[in-house]
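Q: Residue strings, one per chain:
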Amino acid sequence: MKYIDEFRDPILAKKILAEIKYVTTKDWVIMEVCGGQTHALIKNGIDRLLPDKIELVHGPGCPVCVTPLELIDKALKIASLSDVVFTSFGDMLRVPGSKKDLFIIKSEGGDVRIVYSPLDALKLARENPDKKVVFFGVGFETTAPLTAMAIHQAHNEGLRNFYLLASHVLVPPAITALLESPKNMVQAYLAAGHVCTVMGWEQYIPISEKYKVPIVVTGFEPIDLLEGILMVVKQLESGSHKVENQYARVVKRTGNRPAQELISRIFMISDRKWRGIGTIPQSGLSLRPEYSAHDAELAFGLDDITVEEPPECISGLVLQGLKKPHECKAFGKECTPQTPMGATMVSSEGTCAAYYTYGRYNSRISK
Amino acid sequence: MKKEINPEDFASCPLPISSHDTIQLAHGSGGKIMNDLVQKLFLWAFDNNELNRQDDNAVIKINGNRFTFTTDSFVVDPIFFPDSDIGELAVNGTINDISIGGAVPLYLSVGLIIEEGFPLEDLRKIVVSIKNAAHRAGISVVTGDTKVVNKGKGDKIFINTSGIGVIKHNFKIGPEYIKPGDMIIINGGIAEHGIAVLSKREGLTFETTVISDTAPLNDLIAKIVETGAESVHAMRDPTRGGVAATLNEFAASSNVGIRIIEDKIPVKEPVRGACEILGFDPLYVANEGKLVVVASKEKADAVLNAMRGHPLGKEAAIIGDVISESPGMVSMQTGIGGWRIIDMPVGEQLPRIC
Numbered sequence: 082m083k084y085i086d087e088f089r090d091p092i093l094a095k096k097i098l099a100e101i102k103y104v105t106t107k108d109w110v111i112m113e114v115c116g117g118q119t120h121a122l123i124k125n126g127i128d129r130l131l132p133d134k135i136e137l138v139h140g141p142g143c144p145v146c147v148t149p150l151e152l153i154d155k156a157l158k159i160a161s162l163s164d165v166v167f168t169s170f171g172d173m174l175r176v177p178g179s180k181k182d183l184f185i186i187k188s189e190g191g192d193v194r195i196v197y198s199p200l201d202a203l204k205l206a207r208e209n210p211d212k213k214v215v216f217f218g219v220g221f222e223t224t225a226p227l228t229a230m231a232i233h234q235a236h237n238e239g240l241r242n243f244y245l246l247a248s249h250v251l252v253p254p255a256i257t258a259l260l261e262s263p264k265n266m267v268q269a270y271l272a273a274g275h276v277c278t279v280m281g282w283e284q285y286i287p288i289s290e291k292y293k294v295p296i297v298v299t300g301f302e303p304i305d306l307l308e309g310i311l312m313v314v315k316q317l318e319s320g321s322h323k324v325e326n327q328y329a330r331v332v333k334r335t336g337n338r339p340a341q342e343l344i345s346r347i348f349m350i351s352d353r354k355w356r357g358i359g360t361i362p363q364s365g366l367s368l369r370p371e372y373s374a375h376d377a378e379l380a381f382g383l384d385d386i387t388v389e390e391p392p393e394c395i396s397g398l399v400l401q402g403l404k405k406p407h408e409c410k411a412f413g414k415e416c417t418p419q420t421p422m423g424a425t426m427v428s429s430e431g432t433c434a435a436y437y438t439y440g441r442y443n444s445r446i447s448k
Numbered sequence: 296m297k298k299e300i301n302p303e304d305f306a307s308c309p310l311p312i313s314s315h316d317t318i319q320l321a322h323g324s325g326g327k328i329m330n331d332l333v334q335k336l337f338l339w340a341f342d343n344n345e346l347n348r349q350d351d352n353a354v355i356k357i358n359g360n361r362f363t364f365t366t367d368s369f370v371v372d373p374i375f376f377p378d379s380d381i382g383e384l385a386v387n388g389t390i391n392d393i394s395i396g397g398a399v400p401l402y403l404s405v406g407l408i409i410e411e412g413f414p415l416e417d418l419r420k421i422v423v424s425i426k427n428a429a430h431r432a433g434i435s436v437v438t439g440d441t442k443v444v445n446k447g448k449g450d451k452i453f454i455n456t457s458g459i460g461v462i463k464h465n466f467k468i469g470p471e472y473i474k475p476g477d478m479i480i481i482n483g484g485i486a487e488h489g490i491a492v493l494s495k496r497e498g499l500t501f502e503t504t505v506i507s508d509t510a511p512l513n514d515l516i517a518k519i520v521e522t523g524a525e526s527v528h529a530m531r532d533p534t535r536g537g538v539a540a541t542l543n544e545f546a547a548s549s550n551v552g553i554r555i556i557e558d559k560i561p562v563k564e565p566v567r568g569a570c571e572i573l574g575f576d577p578l579y580v581a582n583e584g585k586l587v588v589v590a591s592k593e594k595a596d597a598v599l600n601a602m603r604g605h606p607l608g609k610e611a612a613i614i615g616d617v618i619s620e621s622p623g624m625v626s627m628q629t630g631i632g633g634w635r636i637i638d639m640p641v642g643e644q645l646p647r648i649c
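So the sequence lines, in the order shown, correspond to chains A and B.
The number in my numbering is simply the position in the first sequence, starting from 1, with 81 added.
The number in my numbering is simply the position in the second sequence, starting from 1, with 295 added.
If you're looking for bench data, these hints aren't it; they were derived computationally from the structure.
Treat the hints with care, as some may be off.
[As the list claims (entries may be wrong)] In silico contact screen, one side only, chain B against chain A (beta carbon under 7 Å); selected entries: (1) Lys327; (2) Gly630; (3) Arg635.
[Unchecked claim] When the alpha-carbon atoms are kept at most 25 Å apart in a straight line, the in silico DMTMM-like pairs for lysine to aspartate or glutamate are as follows: (4) B/Lys448 to A/Asp192; (5) A/Lys124 to A/Glu87; (6) A/Lys187 to B/Glu410; (7) A/Lys405 to A/Asp133.
The model shown is predicted, which means the values in this text are computed figures rather than measured ones.
Just so it is clear, CB atoms sit at the ideal spot from N, CA and C, and this is done for glycine as well.
Using the sequences and the accompanying hints, generate a full structural model.
A: Shown next, in the form of structure tokens:
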């Protein structure tokens with residue numbers, strides 16, 4: 082398959098691995114920020130092919146995982162209303178709220194539908210004028226332009242039955258919060274290629290300079306990841322710290338300007354709660370006041386839902402790269418993708434799920 | 296902007312949803328949740344030797360003759376999909392379940408549950424498909440039933456088929472006979488049925504239309520048994536849950552480890568493309584005309600060649616082997632040389648956000 086197979090070439094992969102081994106002389110801790118990268122690393126078994134000196138820790142870039150419990154409970158409440166069509170990306174359906182998930186709401190009669198784009202939800206709103214169609218807008222800067230476009234179109238068409246339950250979050254404030262943490266041990270970052278496709282890589286320059294940390298914008302195929310790791314290790318070994326772009330075939334320095342403009346026209350930057358981490362200032366997107374008629378939180382009067390998350394699992398530490406999934410007592414026992422205790426086990430992008438699905442007994446596999 | 300994180304303060308998450316009080320879609324998806332239901336309710340209630348084998352059919356002995364008996368229900372939406380429909384699927388699915396132990400299919404029943412208002416022309420098309428599929432497999436529909444439910448109380452049409460076949464050979468074929476050293480063979484490209492149905496249901500169009508692989512496997516199976524004889528240890532058609540579920544069932548039944556090689560697994564280009572776009576793993580996507588065969592190492596090439604000589608096995612390939620290490624576990628060598636676990640699916644695969 083063109084544009085895929087080239088980036089999964091085993092001969093090239095071996096060559097880059099050999100080079101990584103050659104240049105690595107010290108122990109390094111590298112965080113891949115995006116859940117899609119975690120997934121690809123473990124799905125391809127790359128984590129096991131790297132030299133022992135390189136430790137990969139998995140970052141908070143799983144949008145499903147960081148969506149707060151409170152917002153999921155709000156989603157469940159809206160989805161259970163009889164005049165609502167609740168639309169969402171597929172992997173949000175299995176995320177547990179306090180008591181239920183969207184699949185259970187669906188089995189109880191809620192009209193819950195998987196969509197591939199917010200524009201599909203918009204189409205449902207046009208076709209069902211007597212229903213309130215709600216889209217669960219989850220994701221980082223990657224999916225934000227799609228949601229913004231749906232709101233933009235709904236507003237222009239005067240479509241009054243289309244609502245957004247927004248949980249859009251931003252990557253740079255999360256990286257900054259991690260770097261500010263006294264417990265931070267990450268020495269370099271693989272930045273999320275798809276986020277940078279929209280936002281460009283220049284927004285990471287101030288972070289790299291302030292914290293003297295190498296950042297390499299990296300893609301999602303095995304060769305991309307290996308090359309990103311090689312670039313970051315070379316910087317670490319030489320003591321340099323700059324932003325580099327491994328994913329140059331897709332990511333431009335300034336990103337996708339029209340998409341950025343659309344995001345800022347529809348959304349404003351606001352404080353946002355991250356599941357497992359807490360509130361990070363200026364780390365999320367909320368609808369601007371002129372679009373508040375489409376804000377599901379206002380339209381459905383959900384202020385009364387507040388949830389305290391009980392401190393049972395370590396997903397917060399996993400999201401920050403401070404613990405590995407197998408360091409959790411519940412991992413693979415009480416907590417599996419079938420019975421997730423924490424959000425990092427629910428989404429296929431979640432670190433715990435990736436470990437469980439692809440690698441939990443890697444050491445026992447005969448080679 | 297400065298913010299101090301004390302990780303212990305934020306280590307939090309909800310209690311699990313460990314059991315359901317009501318039936319969820321996942322209870323019918325062929326994964327772990329369905330397996331739990333089968334184990335805890337059905338096997339508990341109906342407990343008997345034939346059922347407890349948990350194969351796709353029951354082997355029953357009558358007057359010294361061995362027969363296979365099986366049943367399957369078909370609720371696919373859409374009912375018409377590229378190059379096939381629910382009628383053909385309902386016949387082939389049961390024929391395959393009858394045949395997997397090497398039985399010759401004999402008779403079929405067809406039960407229809409039809410929603411009020413369903414177009415008679417569509418029913419005619421489906422019945423013609425059933426007729427043609429039964430004819431192709433050399434089997435007769437000898438009994439049937441028709442029920443009509445109120446509009447809105449059923450989704451267009453549901454079909455149940457049951458069937459019996461006769462085992463004419465004396466070989467031991469079943470997942471419990473799998474041994475370390477055996478080879479794993481598949482008869483062609485995987486994930487085609489699941490992607491064909493999903494593409495039609497979701498209105499996804501690709502440059503090449505993916506066609507369901509639905510096919511009766513009885514003739515191919517007969518050829519495999521004829522060639523491999525006692526060297527064929529197990530066969531199963533990997534439907535819901537895909538090849539991953541079948542291999543996990545095999546590994547669990549015979550308490551062996553199974554290793555497969557990603558590069559050896561046949562996946563057609565349009566199917567790969569669709570899976571890439573949707574974030575699906577083809578190993579977990581449903582098939583309706585695929586057969587996983589476990590045969591001894593000595594006879595594996597002969598079985599492979601016999602399969603390749605059959606129209607339904609032209610792209611057959613050896614995709615892995617059986618080992619004694621890591622019992623109950625399926626692992627895969629990835630395209631770039633790493634290793635990972637191929638776990639039993641939980642429920643339906645869900646399209647990912649990004």
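Q: Compare the structure with each hint and give your call.
A: Now the hints, each set against the structure:
no.	hint	in the structure
1	Lys327	holds (5 Å)
2	Gly630	holds (5 Å)
3	Arg635	holds (4 Å)
4	B/Lys448 to A/Asp192	holds (16 Å)
5	A/Lys124 to A/Glu87	holds (17 Å)
6	A/Lys187 to B/Glu410	holds (22 Å)
7	A/Lys405 to A/Asp133	holds (15 Å)
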